[in-house]
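2 protein chains.
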Amino acid sequence: MTDLKVGVPTVTISHAAQFDGRTVALCGWLYNLRKSGKILFPIFRDGTGLMQGVVVKSTVQEEVFQRVKDLTQESSLRATGKIRAEPRAPGGYEMDVADVEVLQRVPEEDPYPITPKEHGIEFLMDHRHLWLRSSRQHAILRVRHEVIRAVRDYLDGHGFTLVDTPILTPAACEGTTTLFEVPYFEDDKAYLAQSGQLYNEATIMAFGKTYCFGPTFRAERSKTRRHLTEFWMVEPEVAFATLDDIMELAEGFICSIVRRVLANRRQELATLERDVSQLEKVEPPFPRISYDVAVERLQKKGSEIRWGGDFGGGDETMIGEDFDRPVMVHRYPAQVKAFYMQPDPQRPELALGVDVLAPEGYGEIIGGGQRIHALDLLLRRIEEHKLPREAFEWYLDLRKYGAVPHSGFGMGIERMVAWLCGLEHVRETIAFPRMLYRLRP
Amino acid sequence: MTDLKVGVPTVTISHAAQFDGRTVALCGWLYNLRKSGKILFPIFRDGTGLMQGVVVKSTVQEEVFQRVKDLTQESSLRATGKIRAEPRAPGGYEMDVADVEVLQRVPEEDPYPITPKEHGIEFLMDHRHLWLRSSRQHAILRVRHEVIRAVRDYLDGHGFTLVDTPILTPAACEGTTTLFEVPYFEDDKAYLAQSGQLYNEATIMAFGKTYCFGPTFRAERSKTRRHLTEFWMVEPEVAFATLDDIMELAEGFICSIVRRVLANRRQELATLERDVSQLEKVEPPFPRISYDVAVERLQKKGSEIRWGGDFGGGDETMIGEDFDRPVMVHRYPAQVKAFYMQPDPQRPELALGVDVLAPEGYGEIIGGGQRIHALDLLLRRIEEHKLPREAFEWYLDLRKYGAVPHSGFGMGIERMVAWLCGLEHVRETIAFPRMLYRLRP
Chain G
0 MTDLKVGVPT
10 VTISHAAQFD
20 GRTVALCGWL
30 YNLRKSGKIL
40 FPIFRDGTGL
50 MQGVVVKSTV
60 QEEVFQRVKD
70 LTQESSLRAT
80 GKIRAEPRAP
90 GGYEMDVADV
100 EVLQRVPEED
110 PYPITPKEHG
120 IEFLMDHRHL
130 WLRSSRQHAI
140 LRVRHEVIRA
150 VRDYLDGHGF
160 TLVDTPILTP
170 AACEGTTTLF
180 EVPYFEDDKA
190 YLAQSGQLYN
200 EATIMAFGKT
210 YCFGPTFRAE
220 RSKTRRHLTE
230 FWMVEPEVAF
240 ATLDDIMELA
250 EGFICSIVRR
260 VLANRRQELA
270 TLERDVSQLE
280 KVEPPFPRIS
290 YDVAVERLQK
300 KGSEIRWGGD
310 FGGGDETMIG
320 EDFDRPVMVH
330 RYPAQVKAFY
340 MQPDPQRPEL
350 ALGVDVLAPE
360 GYGEIIGGGQ
370 RIHALDLLLR
380 RIEEHKLPRE
390 AFEWYLDLRK
400 YGAVPHSGFG
410 MGIERMVAWL
420 CGLEHVRETI
430 AFPRMLYRLR
440 P
Chain H
0 MTDLKVGVPT
10 VTISHAAQFD
20 GRTVALCGWL
30 YNLRKSGKIL
40 FPIFRDGTGL
50 MQGVVVKSTV
60 QEEVFQRVKD
70 LTQESSLRAT
80 GKIRAEPRAP
90 GGYEMDVADV
100 EVLQRVPEED
110 PYPITPKEHG
120 IEFLMDHRHL
130 WLRSSRQHAI
140 LRVRHEVIRA
150 VRDYLDGHGF
160 TLVDTPILTP
170 AACEGTTTLF
180 EVPYFEDDKA
190 YLAQSGQLYN
200 EATIMAFGKT
210 YCFGPTFRAE
220 RSKTRRHLTE
230 FWMVEPEVAF
240 ATLDDIMELA
250 EGFICSIVRR
260 VLANRRQELA
270 TLERDVSQLE
280 KVEPPFPRIS
290 YDVAVERLQK
300 KGSEIRWGGD
310 FGGGDETMIG
320 EDFDRPVMVH
330 RYPAQVKAFY
340 MQPDPQRPEL
350 ALGVDVLAPE
360 GYGEIIGGGQ
370 RIHALDLLLR
380 RIEEHKLPRE
390 AFEWYLDLRK
400 YGAVPHSGFG
410 MGIERMVAWL
420 CGLEHVRETI
430 AFPRMLYRLR
440 P
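So the protein lines, in turn, are chains G and H.
Per numbering that gives the first Met the number 0, the very first residue in the first sequence carries number 0; after that it's consecutive.
Per numbering that gives the first Met the number 0, the very first residue in the second sequence carries number 0; after that it's consecutive.
Derived from the structure by calculation, the hints contain no laboratory data.
No false leads were slipped in.
A pair holds if it fits inside one copy or across any two, identical chains being indistinguishable in the list.
Quick list of in silico lysine-lysine cross-link-like pairs, BS3-like style, CA-CA up to 25 Å:
hint, residue 1, residue 2
1, K399, K68
2, K116, K399
3, K68, K34
4, K188, K222
5, K37, K68
6, K385, K336
Using the sequences plus the hints, can you model the full thing?
Written out as structure tokens, the structure reads:
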């Protein structure tokens with residue numbers, strides 16, 4: 000293999016426009032090859048975009064023409080040639096190819112396994128390490144990158160300090176049935192965190208506003224299109240904030256993410272054939288309805304839900320379909336919510352919690368609320384829920400030493416990306432999804 | 000508790016300067032209280048900073064004076080008063096307190112456990128959820144936040160796509176002795192990832208340049224000041240990049256992080272009494288020395304190292320002390336490096352790897368290098384290292400379908416923060432450290 004940097008400047012496809020009329024080199028892979036007699040149209044891919052090359056038999060050396068003609072899908076190469084504006088080309092530019100050096104040629108007898116024909120989902124998942132190269136998967140993960148960047152920019156720009164919380168935790172936040180257990184050296188055991196919330200409640204007492212953002216784990220046996228066993232969650236928490244404050248935060252947060260993706264990832268959304276007009280409607284104010292009203296609406300629509308029960312996925316879809324933007328459902332029966340939820344002072348049987356449901360049937364993207372700040376009430380709840388008090392001593396300390404009202408929420412990145420991209424299943428929203436029957440590659 | 004938002008505007012201490020001369024409210028905690036006869040000087044803390052209040056007996060209601068006088072450390076409160084410029088005050092402003100509403104008073108009989116007196120490290124670690132409020136820990140975690148932000152901004156600004164890699168992985172990257180094992184439902188087991196590198200090698204073939212950034216895990220029994228069992232690592236990987244390219248990337252990357260912390264976290268570095276003149280020297284070019292030269296230098300200094308051995312912590316310190324900025328040691332004996340390292344074409348007994356050692360005795364902050372891209376060589380290495388080929392089939396696919404030269408590295412966030420803050424031990428660089436004997440709180 001020759002030195003990749005010798006000779007003409009090496010450029011990326013995304014920056015090719017700046018080199019219009021100049022001879023440059025592209026390092027990448029053969030995405031596709033169309034042959035038309037004495038002209039070849041290889042499409043190159045370099046991770047930043049696609050560019051069509053034009054190889055005219057009469058203008059290149061015979062062996063160059065033959066080399067390109069024999070190229071196989073996904074072979075790696077270095078192409079040199081002149082960049083030329085071509086309004087009909089996808090990116091607006093083409094390359095008049097002068098030479099192609101093949102770095103590694105995929106052999107005919109063991110061709111690239113993913114072809115333009117249809118493949119079953121299990122086959123694609125088994126080849127996830129290669130499937131990521133296809134334009135659709137590429138687009139989804141670029142949207143994901145943009146979502147994560149927007150999340151961090153919003154919180155960093157609004158006075159939040161990132162304080163990452165531990166993955167290896169000693170105690171369970173909400174029961175142990177869906178926890179992954181990890182033997183921790185000889186005598187101890189840890190659980191993979193399902194949430195950083197309890198720790199966030201400690202860090203806000205030091206920083207005022209914090210967030211954690213990392214992988215979270217649920218050993219859930221459900222095989223639904225909305226569940227992964229390993230997923231990423233961002234959880235902001237705010238000292239001195241009430242349910243209303245946190246609903247306002249969630250609204251501004253979601254709007255900023257949607258706007259960012261619309262501003263910077265139009266091309267990817269087009270690749271995904273996403274109806275962006277649906278996303279353009281996502282502007283404040285979001286509708287806010289109480290759990291009571293949501294249950295009434297559901298019953299009118301024929302749901303079997305009764306007051307006091309939690310919503311199923313179908314219920315969430317039904318609530319969401321009445322609105323053209325996310326809807327915030329607040330004040331749930333305390334009995335369906337976690338032990339740390341602050342009761343509504345007007346109606347103590349209700350918890351000051353909120354779920355944000357995405358439109359178009361995408362269900363819950365945010366769950367949160369106000370936390371109990373009074374020591375005696377929290378102690379009572381720990382007893383009522385039969386939780387081991389000793390595991391929560393440090394958490395109780397936060398109510399002994401400078402307790403303040405506080406609230407927060409968690410947003411699942413994969414569900415957000417699924418909604419923004421308009422995907423059927425969350426498994427495509429993360430590079431290497433982990434599910435009940437999927438731990439590989 | 001009354002509504003926290005009634006009346007005067009509520010401001011944070013970091014924004015108090017904008018309210019000079021105005022009456023505002025601060026929500027926070029009592030950090031300290033100095034009493035001087037008929038004047039009280041409470042210091043308030045709100046997560047964004049510290050501000051001294053002044054309570055003059057003759058100008059406030061008797062019960063307000065008494066309430067402040069009786070305040071205990073870390074009690075939560077809402078103070079109202081006029082902001083006044085005061086050049087002698089730490090932040091340049093003080094509050095002439097008119098009223099203080101106590102939200103939760105820490106009782107005398109169960110006082111805040113962390114007092115200005117000296118505490119042992121185990122006591123502080125057991126109270127980590129409270130210790131984070133102290134000014135030193137607060138400063139360290141703000142530097143950490145800045146480091147992470149600088150890392151992401153640098154990579155996002157240099158054409159990298161964030162593609163997070165899985166934590167639950169089926170196979171081991173470098174042996175299984177330091178892996179945490181996780182039972183994965185009935186029939187399977189997973190390991191917590193020690194690195195995302197192998198997956199990064201798949202994602203660069205789709206995106207050109209990628210990085211992953213998340214928690215990584217090592218079940219290491221070592222009780223040293225440089226080891227945690229759970230730590231955060233950023234790992235950039237670049238297609239078509241050689242060892243030299245990745246050394247240049249590491250240099251620019253480190254410099255940008257150091258400059259960012261110097262620009263935005265001067266105050267925190269002052270709190271930590273960090274000698275910033277040491278950090279100001281961190282500019283390119285970094286010295287680059289070969290492993291051969293490093294061994295010679297060490298032997299002259301009295302180290303017992305022989306050619307072919309890996310450096311110990313003491314060796315790293317000795318190499319680093321000759322330089323005023325990070326030093327890059329490259330081309331290690333292949334036998335001490337991982338199976339996937341590309342051999343030096345000039346001397347195949349050497350691997351094209353690089354470690355970056357921080358100055359001032361902080362040791363390795365980056366490790367990386369060029370990876371093998373040829374299928375036959377990688378297959379040979381997998382055999383030589385007695386690794387199970389079937390676990391690496393997907394990794395081998397990357398050499399069958401469009402292999403390209405590629406390189407990358409990993410940077411440990413905790414070691415970087417320890418160096419920048421000038422800390423003795425990495426346990427203070429993360430909110431809730433996990434070590435051999437430390438899984439709580």
